[in-house]
Each structure stands twice: as C-alpha cells, then as structure tokens.
Amino acid sequence: MDNNKKEFKPYIPADKVVPEFTVTALLIGILLAIVFGAANAYLGLLVGMTVSASIPAAVISMGIIRVILRKDSILENNMVQTIGSAGESVAAGAIFTLPALFLWAEEGKIAFPSILSIAMIALFGGILGVCFMVPLRQALIVEEHGTLPFPEGTACAEVLLAGEEGGSKAGTVFAGLGIAAVYKFFADGMQLFPSEIGHAFKNYSGAQIGMQVLPALGGVGYICGPKISSYMFAGGTLSWFVLMPMIALFGGDATIFPASVTVNELLVDGPSALWANYIKYIGAGAVATGGIISLIKSLPLIVRTFKQAIGSMKKNAGSSNQLRTEQDLPFPLLIGVILVIAVLIWILPIFPVNLVGALIIVVFGFFFATVSSRMVGLIGSSNNPVSGMTIATLLFATVILKVTGTTGLTGMVGAISIGGIICIVAAIAGDASQDLKTGFIVGATPSKQQVGEIIGVVASSAAIGFVLYLLNEAWGYGTEKIPAAQATMMKMLVEGIMNEELPWAMILIGVFIAIVVEILKMPVMPFAVGMYLPFSLSAGIMAGGVVRIFVEKKKGTEAEKKARTDRGLLFTSGMIAGEGIIGILLAVFAVVKIDSKIILPFHLPQVGSLVLYIALLVLLYVVCMKADKEK
Numbered sequence: 001m002d003n004n005k006k007e008f009k010p011y012i013p014a015d016k017v018v019p020e021f022t023v024t025a026l027l028i029g030i031l032l033a034i035v036f037g038a039a040n041a042y043l044g045l046l047v048g049m050t051v052s053a054s055i056p057a058a059v060i061s062m063g064i065i066r067v068i069l070r071k072d073s074i075l076e077n078n079m080v081q082t083i084g085s086a087g088e089s090v091a092a093g094a095i096f097t098l099p100a101l102f103l104w105a106e107e108g109k110i111a112f113p114s115i116l117s118i119a120m121i122a123l124f125g126g127i128l129g130v131c132f133m134v135p136l137r138q139a140l141i142v143e144e145h146g147t148l149p150f151p152e153g154t155a156c157a158e159v160l161l162a163g164e165e166g167g168s169k170a171g172t173v174f175a176g177l178g179i180a181a182v183y184k185f186f187a188d189g190m191q192l193f194p195s196e197i198g199h200a201f202k203n204y205s206g207a208q209i210g211m212q213v214l215p216a217l218g219g220v221g222y223i224c225g226p227k228i229s230s231y232m233f234a235g236g237t238l239s240w241f242v243l244m245p246m247i248a249l250f251g252g253d254a255t256i257f258p259a260s261v262t263v264n265e266l267l268v269d270g271p272s273a274l275w276a277n278y279i280k281y282i283g284a285g286a287v288a289t290g291g292i293i294s295l296i297k298s299l300p301l302i303v304r305t306f307k308q309a310i311g312s313m314k315k316n317a318g319s320s321n322q323l324r325t326e327q328d329l330p331f332p333l334l335i336g337v338i339l340v341i342a343v344l345i346w347i348l349p350i351f352p353v354n355l356v357g358a359l360i361i362v363v364f365g366f367f368f369a370t371v372s373s374r375m376v377g378l379i380g381s382s383n384n385p386v387s388g389m390t391i392a393t394l395l396f397a398t399v400i401l402k403v404t405g406t407t408g409l410t411g412m413v414g415a416i417s418i419g420g421i422i423c424i425v426a427a428i429a430g431d432a433s434q435d436l437k438t439g440f441i442v443g444a445t446p447s448k449q450q451v452g453e454i455i456g457v458v459a460s461s462a463a464i465g466f467v468l469y470l471l472n473e474a475w476g477y478g479t480e481k482i483p484a485a486q487a488t489m490m491k492m493l494v495e496g497i498m499n500e501e502l503p504w505a506m507i508l509i510g511v512f513i514a515i516v517v518e519i520l521k522m523p524v525m526p527f528a529v530g531m532y533l534p535f536s537l538s539a540g541i542m543a544g545g546v547v548r549i550f551v552e553k554k555k556g557t558e559a560e561k562k563a564r565t566d567r568g569l570l571f572t573s574g575m576i577a578g579e580g581i582i583g584i585l586l587a588v589f590a591v592v593k594i595d596s597k598i599i600l601p602f603h604l605p606q607v608g609s610l611v612l613y614i615a616l617l618v619l620l621y622v623v624c625m626k627a628d629k630e631k
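In this text, residue positions in the sequence shown follow our numbering: the first is 1, and each later residue adds one.
It should be emphasised that the hints constitute simulated quantities derived from the structure, not laboratory data. You may find that some hints are simply not true.
[As the list claims (entries may be wrong)] Below, a list of computed lysine-lysine pairs in the DSBU-like style, where the Cα atoms sit at most 30 Å apart: (1) 202 to 481; (2) 402 to 297; (3) 593 to 481; (4) 561 to 626; (5) 555 to 71; (6) 626 to 555; (7) 402 to 109; (8) 626 to 554; (9) 9 to 448; (10) 593 to 562; (11) 554 to 227; (12) 597 to 481; (13) 109 to 593; (14) 562 to 626; (15) 297 to 307; (16) 307 to 227; (17) 561 to 9; (18) 9 to 307; (19) 297 to 521; (20) 227 to 16; (21) 562 to 521; (22) 448 to 227; (23) 562 to 227; (24) 626 to 227; (25) 227 to 561; (26) 109 to 481; (27) 553 to 626; (28) 71 to 448; (29) 553 to 521; (30) 16 to 71; (31) 71 to 9; (32) 593 to 555; (33) 109 to 307; (34) 227 to 9; (35) 227 to 597; (36) 71 to 597; (37) 448 to 16; (38) 562 to 9.
Go ahead and model the full structure; you've got the sequences and the hints to work with.
Okay, here's the thing in structure tokens:
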C-alpha cells in the first residue's frame with residue numbers, strides 16, 4: 001500500500017501552477033453554497049436527510065467556466081465544488097438541531113433565536129470542522145489512498161477529469177432543476193394538483209396509505225438507491241400499518257400520555273393525529289438507538305484513526321517538504337483559531353454555555369470530526385451518522401449541564417447550542433474530507449481548498465438563519481409541511497432529560513424495535529427514520545428507488561450501466577435543487593401573504609397527481625437511458 005501511495009501522481013503535477021483560487025471560482029462557489037444550502041435546508045426539514053452537493057456543483061461550474069466563460073481549469077472547477085458543497089453541510093448540521101429553538105419559542109418558553117446567534121453557531125461549528133479535519137488529511141487521504149474509497153470525493157474527481165463532457169452534464173443538471181421547479185410551482189404554488197394523495201381505511205382504523213408526489217422525494221429515492229429506500233419504506237409500513245392500527249384497536253377510549261384526549265377523539269382528526277402524539281416518540285427512540293449503535297460499531301475505526309492522526313502530526317512536525325500538493329494550513333494557526341473560538345463560545349452572551357460546555361464542544365468536536373472523516377471515507381457522506389453523533393453529544397451535554405447547575409430552559413438551550421455546533425462540525429469535517437480527496441486526485445493545493453471550505457462556511461452561515469426564519473414563518477416546524485424530524489426529536493430528548501417528563505414507555509418501544517432490526521442485520525438508521533416520518537414521504541422516496549432498480553436491471557456493459565446511473569444522479573440532483581429553490585420561493589410568498597393570489601380556480605383530482613408523478617418518474621428513466629444514445 002505504501003508503494004501505491006508513493007507511486008500516485010495527481011492529474012496536475014505538484015510543480016505545475018494553474019489558475020485555482022480565482023475571483024471567478026470564489027463568486028460561483030459562494031453563490032452555489034447559498035443556493036445548495038437553502039435547497040438542502042428545505043429538503044432536510046422535509047425528509048430528514050440531505051444530499052451531497054459536490055458533484056452537481058462541479059458540473060454546474062464546468063458548464064459555466066468551460067462552456068460560457070471559455071476557460072479551462074480543472075482546479076478552478078474543484079475550488080467551486082469545494083466552496084459550494086460547504087453550504088449543504090452547514091444546512092445539514094443546522095436543520096438537525098436549531099429548529100428546536102424555534103419550537104420552544106412558539107411554545108412561549110424562550111425568545112426566538114436571533115439571525116446573528118444562528119449565524120454564529122453555524123460559523124463556529126463550520127470553522128471548527130475544517131480546523132479539526134486539516135490534521136487528519138495526511139493520515140486519512142494520503143496514507144490511506146487506495147484503502148479508504150471516499151465514494152463522493154472519488155466520483156467528483158472522475159467528473160472533473162471527464163471535463164470535456166461538462167457541457168452536456170451541466171445541461172442534465174439544469175434540465176432536472178427546471179422541470180422540478182415548474183412541477184413544484186404548479187403543485188404547491190398554483191395548486192393545480194395535490195402534492196400529497198392518500199386514503200384512510202374505514203375498516204382498518206389508524207392506518208392510512210398515501211404518497212407525496214414531489215420531485216425531490218423521487219430524486220432522494222434514486223440517489224439513495226432501492227435498498228436504503230426500501231428500509232425507510234419498511235419503517236413507515238411498521239408505523240402506519242402495524243403500530244398505529246394497534247394503538248387504535250387497543251387504545252380506544254383510553255387517554256394515553258402524552259395526549260390529553262382519548263385515542264378515539266384523536267382519530268376524529270385522522271390517523272395523522274396518532275403519528276403526531278405517539279409515533280414521533282417511538283420513532284425518536286429508534287433513531288436515537290440507531291445513532292448509538294452506529295457509534296459503538298465504529299469504535300475500532302475511531303481508535304485507529306486517532307492513532308494515525310497523532311502519528312501523521314508528529315511526522316509532519318519535523319518535515320520541511322513544501323510541495324504545493326502537500327501544503328496544509330499551518331498547525332499553530334489552527335490551534336490559535338480553535339482556542340479563540342472556544343473562548344468566544346464561553347464568553348459571548350449569544351451562547352448560553354459555561355466553561356464546561358465550551359470544553360465539551362472542543363473535545364467532542366475533534367472526536368466526532370475524526371469519526372465523521374473516517375466514516376465518509378468508508379461509506380460516503382450520505383450514510384454518515386451525523387444525527388447519531390449529535391444525539392450522543394446532546395445526551396452527554398444535557399446530563400453534564402444539569403449536574404453542574406445549568407438547568408431548566410437555560411440548560412436546554414445550552415444543550416441544543418452545543419449539539420448544533422457539534423452537528424455542523426461533524427457534517428463539515430465529512431464534507432471537507434471528500435473535497436480534499438477530490439483535490440488530492442486532481443492535484444489541488446490543500447491549503448487553498450481549506451481556505452475555500454472556510455469561505456463556503458462563512459457564506460452559507462450568513463444565509464442559513466434567514467432560511468430557517470423564512471421556513472418557520474411560512475409553515476412552522478413540526479408540521480406535516482416541514483416535520484423537522486431530527487430537530488423535533490432532539491428537543492424531546494433534551495426536555496425529557498432536563499424535566500424528567502418523557503413518555504419513556506414509547507421511547508423504549510422504539511429502542512427495542514431498533515435492537516431487533518440490528519439483530520436482523522438491517523441498517524437501523526434508515527429504518528428508524530422511516531418509522532419517524534409520515535408514510536407518504538417514505539412512499540414517495542420508494543418510488544424513486546424503484547426507478548433506480550429498472551435502470552440498473554437494464555442489460556448493457558459496465559460502462560453503459562455506469563453512464564445511465566450517473567446521468568440519473570445528475571438529473572435527480574437538479575430535481576432536488578429545483579424543488580428546494582421553489583420551496584424557498586413559495587415560503588417567501590407565504591410570508592408576504594401573496595401565496596393565495598397565485599392559486600388556480602380549478603384543481604385536478606388525486607388520480608391526476610398520481611399520473612403526473614408517474615410521468616415524472618418515467619421521464620427520469622428516459623433521461624437515464626439517453627446515456628446509451630450519447631455514447
């Protein structure tokens with residue numbers, strides 16, 4: 001392996017200098033960081049997961065720089081995707097935790113968080129994530145080259161190296177974006193057809209079949225693939241066709257905590273009321289357990305990565321090698337930045353965190369940055385258990401804050417603030433790992449990429465507060481429009497520990513369901529998220545997974561199959577971005593009270609929605625098959 005590492009030559013040699021950190025790359029990267037950050041915030045609050053923005057950012061960059069500006073620099077394109085993908089990671093970390101503060105504010109317990117406080121949490125978490133990742137680069141990316149695959153980072157490098165195809169690939173992303181934007185606007189803006197269809201069973205009380213027929217869900221299902229989609233679908237099926245009917249059947253006239261009325265009275269508002277009052281807690285127990293299980297299974301990797309990181313830092317300390325492709329940000333600078341941020345978290349009134357809380361952030365931050373970087377190297381960013389790491393942090397932080405005297409609302413807000421920073425640290429560390437892997441392959445300058453990652457963090461941190469406020473003002477967190485699954489669960493856990501008022505029976509049901517799933521050797525996290533979310537979301541995602549099955553089953557050479565799948569990935573990435581952008585636009589319309597003025601006077605029935613969604617999925621299949629003709 002060591003020989004392979006020494007023999008590796010990047011695409012752009014270390015002794016060659018080409019345009020990289022340019023004004024063009026910075027401007028395009030910052031714009032994409034904000035756009036993909038906003039789109040992923042909307043998507044994550046809707047379905048509980050985000051998607052990697054590196055490849056679509058790289059493709060859009062190639063379309064602009066190569067085709068429109070007639071410039072040719074692979075390192076400029078790499079810089080754009082480095083900056084642009086940071087927005088998605090900041091959004092992921094923020095939406096998994098910070099909506100809890102809005103939920104408490106809606107309940108009248110605290111004031112709404114300021115835009116500045118949200119921006120500072122995102123900024124500090126993002127910069128810490130980059131600083132913690134830098135010392136790991138040598139150990140994980142250079143020394144483990146050929147061992148750790150870094151799926152998204154390697155795939156993004158392949159896209160960049162196939163730069164001559166940039167125009168057509170960018171066209172595929174923009175086509176998906178445009179079609180999804182029009183579809184979403186007609187569905188949820190003009191309300192030409194319902195974006196959710198469903199049917200409750202009269203003779204099977206508590207059960208309800210349904211599907212949200214939206215482009216982003218089909219896109220998520222295609223990107224995740226049929227296996228992950230089916231696990232989510234299985235979790236939703238258990239909740240909506242087993243647990244809820246059992247509650248309806250055996251609950252009847254009983255009043256079960258945390259609801260304040262009987263089960264039969266809840267059913268007057270439809271089966272969704274059972275989901276809101278009971279399934280959320282069962283799902284929260286399953287999600288929390290899934291996160292803890294994933295961490296326990298990762299312990300050997302964590303220990304190994306720590307040893308490698310310390311070893312590489314010692315080795316680099318005595319090295320005077322200044323090759324362009326080996327230059328990282330100076331270690332003393334990183335230590336200084338980390339210490340300054342720790343002190344600011346402690347002394348700034350924006351953060352209701354004491355010295356112990358600040359130390360928890362630094363210690364857990366480096367710990368989970370290491371875990372995250374190693375995990376994405378093995379299984380990719382999409383499967384990185386960021387929410388599981390955040391749950392573990394929240395549980396520990398809440399208990400420590402309570403024991404040290406920071407209790408009540410101050411302690412709860414402090415715990416969420418700590419959890420928010422750690423969540424963003426883990427997300428950004430994983431993203432930076434993939435980006436630096438891409439840079440390692442194409443021959444980028446690591447220190448410039450690290451600065452680019454920080455610029456992306458700054459840009460998206462400045463915007464994320466406005467996006468969170470906008471979505472809350474338009475629809476409110478914890479509703480069927482934006483369930484905010486992880487943040488709602490984090491809120492429940494923190495409240496339950498601080499106030500000792502959790503419905504433990506339901507949470508423990510979820511815990512033991514997760515344990516059974518683990519014993520059956522199924523991935524717990526997607527199954528648990530499927531249990532937690534409305535069934536209609538899982539069904540919409542499963543539909544996209546079914547399209548992926550048909551695409552992969554089609555006969556052809558390995559190269560043809562890969563071309564089809566990759567074309568679908570680009571198209572669905574565009575679909576997700578397109579719906580996210582229109583979702584943000586519709587939120588603006590709702591806030592300024594003009595949403596009702598664009599509604600059409602006539603509407604298609606539910607069957608019309610189903611036909612249009614099937615047509616969209618067929619179009620996705622046709623786009624994938626078009627790759628054969630292009631070859």
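Tell me, which hint numbers fail for this structure? 5, 10, 16, 20, 22, 32, 33, 34, 35 and 36
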